[in-house]
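What follows is the residue order along each chain.
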Amino acid sequence: MPQLHDVDYTLEYPYTRTTGPVIGPFLTGLRDGRILGQRCGHRVLCPPMEFDPDTFATLEPDLVEVGPGGEVENWTWVGEPSAKHPFDRPFGFAFIKLDGADTALVHAVDTGGDPEAMSTGMRVQAQFRSERHGSIADVYFVPEADAAEQMIEPGDEPVTITEHLIGLRINEPLHPHRARFAQGLLDGKIIGQRSPVTGKVYVPGRGYDNMSRVLMSEADEVEVSNVGTVVAFTELNPVQYYGQTETEPYVRCSILFDGTDQPVIGIDIRDMTVDEMRVGMRLRCIWRDPEDRSVTDIDNRYGNIPETVYARFKPTGEPDVPADELKEHSW
Amino acid sequence: MVSLAEDVAIVAFAQTASHAHFNDSEPAMIMPCVNSVIEQVGMDRHDIDFTIAGSCDYLSGMPFAFVMNIDAVGAWPPVYESHVEMDGAWALFEGFVRLQSGDIDTVLVSGSGKCSPGSYREGFSLQTDPYVHAPIGLDPRTQAGFQAQALIAAGKATERDFAEVVARSHANAKANPYAQLSGDRSVDDLLAEPYVQQPLRRLDCPPTSDGAAAMVIARADKARELSDNPVWIRAVDHRIESHHPTLRDLTDSPSVRIAAERVGLHDGPVDIAELTVTYSPEEIILRDALGLNGDTAVNPSGGPLTGSPFMAVGLTRVIELARAIANGDGRRGVAHASSGPALQQNLLCVLEGDG
Chain A
1 MPQLHDVDYT LEYPYTRTTG PVIGPFLTGL RDGRILGQRC GHRVLCPPME
51 FDPDTFATLE PDLVEVGPGG EVENWTWVGE PSAKHPFDRP FGFAFIKLDG
101 ADTALVHAVD TGGDPEAMST GMRVQAQFRS ERHGSIADVY FVPEADAAEQ
151 MIEPGDEPVT ITEHLIGLRI NEPLHPHRAR FAQGLLDGKI IGQRSPVTGK
201 VYVPGRGYDN MSRVLMSEAD EVEVSNVGTV VAFTELNPVQ YYGQTETEPY
251 VRCSILFDGT DQPVIGIDIR DMTVDEMRVG MRLRCIWRDP EDRSVTDIDN
301 RYGNIPETVY ARFKPTGEPD VPADELKEHS W
Chain B
1 MVSLAEDVAI VAFAQTASHA HFNDSEPAMI MPCVNSVIEQ VGMDRHDIDF
51 TIAGSCDYLS GMPFAFVMNI DAVGAWPPVY ESHVEMDGAW ALFEGFVRLQ
101 SGDIDTVLVS GSGKCSPGSY REGFSLQTDP YVHAPIGLDP RTQAGFQAQA
151 LIAAGKATER DFAEVVARSH ANAKANPYAQ LSGDRSVDDL LAEPYVQQPL
201 RRLDCPPTSD GAAAMVIARA DKARELSDNP VWIRAVDHRI ESHHPTLRDL
251 TDSPSVRIAA ERVGLHDGPV DIAELTVTYS PEEIILRDAL GLNGDTAVNP
301 SGGPLTGSPF MAVGLTRVIE LARAIANGDG RRGVAHASSG PALQQNLLCV
351 LEGDG
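As they're listed, the protein sequences go chains A and B.
With the first letter of the first sequence counted as 1, position 38 gets the number 38 in this note's numbering; the numbers rise by one all the way through.
With the first letter of the second sequence counted as 1, position 133 gets the number 133 in this note's numbering; the numbers rise by one all the way through.
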């Protein structure tokens, strides 16, 4: 039989940003195997900036090559790298003042995992990744003695856009009420929570009644009918954004199950077209066979009644409920 | 002295324990705090004029997670409401400033955060410079490591000094029922622990924590009506340093020095200081920048090293100070909240007891 599971997902978005007149050439330089600083009066800033960090006056772009060697001014050893760090083995993060620059760049130093190799004042040298995209991550540093000669083939167009895939990993158990709701679906039951203050039944429960500001527990839970009324629907035409898995239009509706006060939103309908849907239409949940049900799409944030637990929502043939009677629940 | 248009006092406060993992939603964590402060002031929820919360969607792992948190504050029928993507201490700051206009009397403030489901090191690295820091995952613990190393290199502190901060914090937390970590730890034992972020050891860093806090603040006349023992907010100030750590003197906190001057910190005695010491070296910098001497009790609650629900932890410092003053442990003190890596942003709040 299908089992409950911990929530484990990565929320991920690609962020694209324009680079501007100073960072653009800097990132172009990194892609092409060169590190550039920005002149600021008698100083050279690296990382380069569009403004004087002391006066905040705008600086005209005026870039000059620095490095590839430099000196470590401050460092700390990363014994447990995160998934977002440049190396998956222990490494040093350092303030690196590149030769010819007057300010320091924060970057990673790979010593082959040896913290003893790190020290303030040590000499390091830039190394470039074989795959470069016009990003600060195109470069890293090693102790000067470990540096290898590199032949870098410059790219064609200047870098004017950066893309950064940001991600948040979430790992936690299902909250107790979510676990009971999900288990209910595996068992072919829809579980709601009845407010001890107002008597209103919410599906799925959130563990509280937000209208009365009261927490709810297993003692407040009730099994509700698997027959309900369509209170709203729409057709989705999938836009092909990052992470989109849908390709064809489909219907999504909200169903107010009998005896409840809050519709379950976001129910996918695959066997009816939008022209066949009506507000007020009566539908019955036809469950999948028990061994075919899955609730892996339910986490603590998203997921109500996923199509991985039902075969279809089948019209009961009863007369429609007048839309006027559903006004309170049209969501 | 700071000149205020309106005197403002804290009239009710509540906090959750600092949980290693709170196994329910963020609204379910906040709701009991909100209910407690509303009960303390004995008001109908809809008679509270303004509501403001602080939280972080990166921690919650959901776009617009802060909207869900409104479930906890009783926002239906609709209330006058706002949110800051900051610690609850900044929500308090906005509420305090809002009361200065004199047209409303009461503000409900909350702060909440669940660090346990995600990785705060990865999440908060996204708040750094998007071109030169975020793509290499420059995280707050690394920046704390830089700060620690800078203190050592400048001869301003040693690893033993860091361990002494930890030992004192954990000992103080024994009397704090909300603390997540507490106990008697010897400095030598602490120094025998391995590094997690050289020169920092595990207990130099905060525990992973979930928690929430709430408070009601009110203008003077209303405050006296709602509370027999109001704690007055005499001044609040917030200052920011560069987000480029290499452009800062990490061994000092000029932003704290300016804020201390602006709030008139030393215009009176400083009996208690509740400081957002997220990493142990920060206490050494803050004591120095605040000009504290042996007369001030620093983090009698144990501070964030013993429980650090991000986005509630700064507001909790204000609450811990307010409780101590309300209990008569001191008459005047300062609460400090921090945002950004390595004390990049600092907020000071001076509280004083009645009479």
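Bear in mind the hints are in silico, worked out from the structure with no lab data behind them.
Given the structure is predicted, the values throughout are model-derived calculations rather than measurements.
Check the hints yourself; a few may be wrong.
[Claimed, not checked] Some but not every residue of chain B turned toward chain A, in silico, with C-beta under 7 angstroms:
hint : residue
1    : M43
2    : H46
3    : S119
4    : G123
5    : S125
[Stated by the list, open to error] Covered by chain B, per the in silico footprint, the following chain A stretches (three or more residues, Cβ under 8 angstroms):
hint : stretch
6    : 10-20
7    : 134-146
Beta carbons: idealized from backbone N, C-alpha and C, even for Gly.
Inset, instruction - Establish whether the coverage given for the stretch 10-20 of chain A by chain B is satisfied; the threshold is a Cβ-Cβ distance below 8 angstroms, and no fewer than three residues must meet it. - result: Answer holds; 4 residues pass the 8 angstroms Cβ test.
Legend entry - Status of the hint placing S125/B at chain A (closest C-beta pair under 7 angstroms): holds (6 angstroms)
Inset, instruction - Report holds or violated for the interface hint on G123/B, using the least CB-CB distance to chain A and a cut-off of 7 angstroms. - result: holds (6 angstroms)
Legend entry - Satisfaction of the S119/B interface hint, Cβ to chain A closer than 7 angstroms: holds (6 angstroms)
Legend entry - Stated coverage of the stretch 134-146 of chain A by chain B [criterion: 3+ residues, CB within 8 angstroms]: With 3 residues in contact (Cβ-Cβ under 8 angstroms with chain B), the coverage given for the stretch 134-146 of chain A holds.
Inset, instruction - Tell me if M43/B is really an interface residue toward chain A, meaning its C-beta lies closer than 7 angstroms to one of theirs. - result: Violated, about 13 angstroms.
Legend entry - chain A contact restraint on H46/B - CB to CB distance below 7 angstroms: Violated - the Cβ of H46/B stays beyond 7 angstroms from chain A, reaching only about 12 angstroms at its closest.
The structure is inconsistent with the numbered hints 1 and 2, although it conforms to all the rest.
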